[in-house]
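There are 2 protein chains.
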Amino acid sequence: MKKCAGKFAHNGCEKTALMAVKDSLDVLSGSWKLPILVSLANGPKRFNQISKEVEGISDKMLSKELKDLEQNHLITRSVQDTFPPTVMYDVTEHAETLDKVIKELRDWGIIHRKKIIG
Amino acid sequence: MKKCAGKFAHNGCEKTALMAVKDSLDVLSGSWKLPILVSLANGPKRFNQISKEVEGISDKMLSKELKDLEQNHLITRSVQDTFPPTVMYDVTEHAETLDKVIKELRDWGIIHRKKIIG
DNA sequence: TATATTACTAACCTTTTGGTTAGCGCTTAC
DNA sequence: GTAAGCGCTAACCAAAAGGTTAGTAATATA
Numbered sequence: 117m118k119k120c121a122g123k124f125a126h127n128g129c130e131k132t133a134l135m136a137v138k139d140s141l142d143v144l145s146g147s148w149k150l151p152i153l154v155s156l157a158n159g160p161k162r163f164n165q166i167s168k169e170v171e172g173i174s175d176k177m178l179s180k181e182l183k184d185l186e187q188n189h190l191i192t193r194s195v196q197d198t199f200p201p202t203v204m205y206d207v208t209e210h211a212e213t214l215d216k217v218i219k220e221l222r223d224w225g226i227i228h229r230k231k232i233i234g
Numbered sequence: 117m118k119k120c121a122g123k124f125a126h127n128g129c130e131k132t133a134l135m136a137v138k139d140s141l142d143v144l145s146g147s148w149k150l151p152i153l154v155s156l157a158n159g160p161k162r163f164n165q166i167s168k169e170v171e172g173i174s175d176k177m178l179s180k181e182l183k184d185l186e187q188n189h190l191i192t193r194s195v196q197d198t199f200p201p202t203v204m205y206d207v208t209e210h211a212e213t214l215d216k217v218i219k220e221l222r223d224w225g226i227i228h229r230k231k232i233i234g
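Protein sequence lines, in the order shown, are assigned to chains P and D. So the first sequence is residues 117 to 234, counted in this note's numbering. So the second sequence is residues 117 to 234, counted in this note's numbering.
You may find that some hints are simply not true.
Said to hold, decoys possible - Across the chosen pairs, the derived CB separations fall in these ranges:
(1) Arg162/D / Gly159/P: 49 to 55 Å
(2) Pro160/P / Met204/D: 49 to 55 Å
(3) Ser194/D / Asn158/P: 47 to 53 Å
(4) Gly159/P / Met204/D: 48 to 54 Å
Said to hold, decoys possible - Pairs of lysine to any residue, SDA-like flavour, derived with a Cα cap of 25 Å:
(5) Lys231/P / Pro160/D
(6) Lys131/P / Asp142/D
(7) Lys219/D / Glu209/P
(8) Lys216/P / Ser145/D
(9) Lys161/P / Leu134/D
(10) Lys216/P / Arg229/D
(11) Lys183/D / Ile233/P
(12) Lys219/D / Arg229/P
(13) Lys219/D / Asp223/P
(14) Lys138/P / Ser145/D
(15) Lys216/P / Leu141/D
(16) Lys180/D / Ile233/P
(17) Lys176/P / Leu134/D
(18) Lys230/P / Glu209/D
(19) Lys131/D / Asn158/P
(20) Lys216/P / Val143/D
(21) Lys161/D / Glu171/D
(22) Lys131/P / Val143/D
(23) Lys219/P / Lys149/D
(24) Lys183/P / Lys138/D
(25) Lys168/P / Met135/D
Calculated directly from the structure, the hints in this document are not laboratory data. Idealized CB from N, CA, C, for every residue including glycine.
All chains, full assembly: derive it from the sequences and hints.
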């Protein structure tokens, strides 16, 4: 048994805990991942639909972020080879496990904004 | 009353929720913020002590990150004008409200790693 | 006298991130 | 015939993030 004297003690003060936090941040950070996930959480969508819903994102970034999210098993991509091509994106069940994380990030964001701006 | 049909529905599907999440990520993202906070959570420390504990960080980054954290009221900085100068950093009470966020990020990080690597 | 010490900062460079434009291939609509 | 539509990708740039090195102040020690 190791003593954890820190103020985040129950979060574990060992390196593995820090690594796990870093893993999460790596997946979620950047301006676009969460907005895309939220957009898809409201229903499966095609590339151009997402592009319209997620304001300000460029084609290049959307393409890249969708790839990242797929690699992390947070969304699925399904192609029908019609012409013009139709590609559907949808969130996975794994993405739904992000629920609590998003909730805490949102809650703390609100607390923090009050603290800083007043 | 607005309907929220999405899979993250209880997180709010409105823009304010997304903004709050973004606020949190802006404060926490990057490689160093959380490691520094965790290091300080185990007790107040001086610049060089943090530099040794947070592996791999450069003086320049440490200096910058400490400034950011101070601006966000997550740490305090206190100087004694001895020679050589002594500067103490400590976490604030506000930083302790990050507790649940860190816990969820850690938990999800572990879930996610299992999912991806197996 | 020379050197180490602290908490940085300035100057310089590389890497990563992200934006912009143009274009592809094939079909449908004008 | 030609223009628009889809889901990208390549080429090119600008900005941001982050690393490395050197240097500063006044004192204490070798």
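Indices of hints not satisfied (ascending): Result: no hint breaks.
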